[in-house]
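**Student:** Sequence:
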Amino acid sequence: MKNKILKLLLICLAVSPMSFSDAYASKKFMAKLAAAPENEELSAIIKLGNLNRAELLYNNRKTYLKSLSNKTAQAQKAVEEYVKREYDAGNITSYRRFYLINGFLVTGKAGVIRQLLNRPEVQEVHENYLYSMPEVQYAPDTPGTDYVEWGVAKIQAQKVWERYGYKGNNIRIGHLDTGVDPTHPDIAGKIASWAEFNYIGRQVAGSVPRDSAQHGTHTAGIILGGNASGKYIGAAPNAKLVSAMVINNGYGSFAQMIAGLEWVIDPDGNPNTDDGAHLVSMSLGAGGENEALIEPIENLIAAGIFPVASIGNFGPGYTSSPGNIPSCFGVGAVDSNEVVSYFSSGGRVSWNYQPFIGSWIKPDVCAPGSAVKSALPGGGYGNLSGTSMACPFVAGSVALMLEANKDLTPGQIKTILSLTAKDLGDEGKDTRYGWGM
412 MKNKILKLLL ICLAVSPMSF SDAYASKKFM AKLAAAPENE ELSAIIKLGN
462 LNRAELLYNN RKTYLKSLSN KTAQAQKAVE EYVKREYDAG NITSYRRFYL
512 INGFLVTGKA GVIRQLLNRP EVQEVHENYL YSMPEVQYAP DTPGTDYVEW
562 GVAKIQAQKV WERYGYKGNN IRIGHLDTGV DPTHPDIAGK IASWAEFNYI
612 GRQVAGSVPR DSAQHGTHTA GIILGGNASG KYIGAAPNAK LVSAMVINNG
662 YGSFAQMIAG LEWVIDPDGN PNTDDGAHLV SMSLGAGGEN EALIEPIENL
712 IAAGIFPVAS IGNFGPGYTS SPGNIPSCFG VGAVDSNEVV SYFSSGGRVS
762 WNYQPFIGSW IKPDVCAPGS AVKSALPGGG YGNLSGTSMA CPFVAGSVAL
812 MLEANKDLTP GQIKTILSLT AKDLGDEGKD TRYGWGM
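Reading the sequence shown from the start, the letters are residues 412 to 848 in the numbering used here.
Honestly, the hints are just simulated from the structure, not real lab data. Note that the structure is a prediction, hence the values are computed from the model and not measured. Treat the hints loosely; a few may be bogus.
[Claimed, not checked] Per label pair, the in silico range of CB-to-CB distance:
| no. | residue 1 | residue 2 | range |
| --- | --- | --- | --- |
| 1 | Ala445 | Thr594 | 49 to 57 Å |
| 2 | Pro448 | Asn683 | 33 to 41 Å |
| 3 | Lys817 | Ala616 | 30 to 38 Å |
| 4 | Thr594 | Arg574 | 43 to 51 Å |
| 5 | Thr820 | Gln567 | 50 to 58 Å |
| 6 | Gln569 | Lys495 | 23 to 31 Å |
[What the hints assert, rightly or not] Pairs of lysine to any residue, SDA-like flavour, derived with a Cα cap of 20 Å:
| no. | residue 1 | residue 2 |
| --- | --- | --- |
| 7 | Lys642 | Asp834 |
| 8 | Lys565 | Thr831 |
| 9 | Lys642 | Thr556 |
| 10 | Lys570 | Asn580 |
| 11 | Lys482 | Pro682 |
| 12 | Lys840 | Tyr753 |
| 13 | Lys817 | Ala603 |
| 14 | Lys642 | Pro737 |
| 15 | Lys840 | Leu787 |
| 16 | Lys488 | Tyr506 |
| 17 | Lys840 | Gly769 |
| 18 | Lys443 | Val533 |
| 19 | Lys488 | Pro531 |
| 20 | Lys473 | Asp686 |
| 21 | Lys570 | Glu749 |
| 22 | Lys565 | Lys642 |
| 23 | Lys833 | Ser747 |
| 24 | Lys495 | Leu459 |
| 25 | Lys642 | Ala782 |
| 26 | Lys482 | Ser770 |
| 27 | Lys482 | Tyr753 |
| 28 | Lys495 | Glu452 |
| 29 | Lys570 | Ala832 |
| 30 | Lys565 | Asp834 |
| 31 | Lys840 | Asp679 |
| 32 | Lys570 | Pro554 |
| 33 | Lys495 | Lys477 |
| 34 | Lys565 | Glu709 |
| 35 | Lys473 | Ala782 |
| 36 | Lys477 | Glu709 |
| 37 | Lys565 | Asn581 |
| 38 | Lys570 | Lys833 |
| 39 | Lys565 | Asp552 |
| 40 | Lys840 | Ser770 |
Ideal placement from N, C-alpha and C gives every residue a C-beta, glycine not left out.
I would like the entire structure built from these sequences, with the hints used as guidance.
**Tutor:** Dropping the structure here:
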């Protein structure tokens with residue numbers, strides 16, 4: 412049938428391969444839909460056919476976002492009219508259309524969702540599956556220098572500050588996470604925009620910046636944290652954060668993630684204004700090769716926005732999406748001795764889904780990810796381990812690059828990072844270190 416089994420999204424902290432295996436979204440969703448009584452309420456992602464983006468102008472954010480929005484609105488018109496009629500009739504309780512994916516989130520009676528599945532415009536239907544955050548993994552302290560923490564020193568960010576004066580000025584970094592503590596002394600004043608999203612991908616009115624866990628404040632600190640502790644914890648301390656809470660109290664949904672991505676690239680919903688992120692840092696992932704995440708990643712890149720994501724914490728032989736999508740920049744972890752972290756994922760990833768047919772080596776690079784000291788909510792600090800910690804080091808590095816040259820395209824950024832990485836492990840690109848640190 413049109414069933415596309417999707418795997419449960421997990422924040423990329425250290426979890427066991429067994430937990431990874433158990434994280435699959437329900438494989439019985441289509442059977443559940445087929446067997447559900449007519450009036451049983453279900454929530455589903457309704458995916459229409461892929462758009463032909465060839466005529467759209469790449470790497471011009473304003474033009475691309477306008478064109479994409481217009482094309483998706485036109486492609487979704489007939490289905491949206493049907494959904495609105497069923498909403499007015501009380502058969503659908505809520506819906507939300509997207510433009511980064513050509514589709515909808517629909518909550519309503521099973522009978523209506525079955526009818527949607529049979530429409531010619533609909534390519535597939537899948538669950539608005541949940542993803543969860545494992546417990547954070549604390550680690551012993553690893554000393555840095557008198558000036559910066561060890562991770563900042565390893566990527567040599569401080570040398571860029573000193574030699575060229577680039578510290579991320581005027582660069583906005585999209586941050587999809589559990590939120591962020593805006594009062595932390597290393598982060599205060601650095602949040603350009605904030606939004607919180609609920610299970611059905613709706614923005615929560617009146618929400619104020621906060622962290623529903625610890626993870627988001629920690630990753631934000633690695634991206635742009637200052638030196639309130641006496642040492643710099645972030646790679647780009649003068650950058651700004653465009654932060655979307657898509658994980659609340661440990662759980663989120665597919666709709667939350669897509670809604671968060673749409674928001675960070677255009678917070679005010681007006682592509683004519685310059686308020687969106689220049690790159691997006693995603694310390695999260697979905698186990699395996701998740702086709703549903705290709706379309707939003709490709710649209711980010713087409714708009715000139717660089718996507719960087721954790722590759723996963725399941726050890727060798729495993730990877731996670733979107734970091735394992737060929738066009739997304741996947742990041743593994745190393746320790747202070749430049750040895751790959753035992754939990755860091757990597758492998759040769761096979762794709763059989765347009766535009767990707769073949770196999771690719773992942774991760775693309777590695778970065779500090781074991782016992783990384785960064786900010787915690789309430790003004791404190793902690794040492795955490797995971798590819799979640801490695802990803803924001805790369806995001807901060809890209810912020811420095813974009814301050815030097817905002818005209819760099821995602822493809823050029825990817826090439827520069829690959830060519831300038833310190834080769835570790837096997838010569839060339841390998842499945843443990845990628846191109847290197």
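**Student:** Identify every previously stated hint that the structure contradicts and give their numbers, smallest first.
**Tutor:** Violated hints: 2, 4, 5, 6, 7, 14, 15, 26, 27, 31, 33, 34, 35, 37; rest satisfied.
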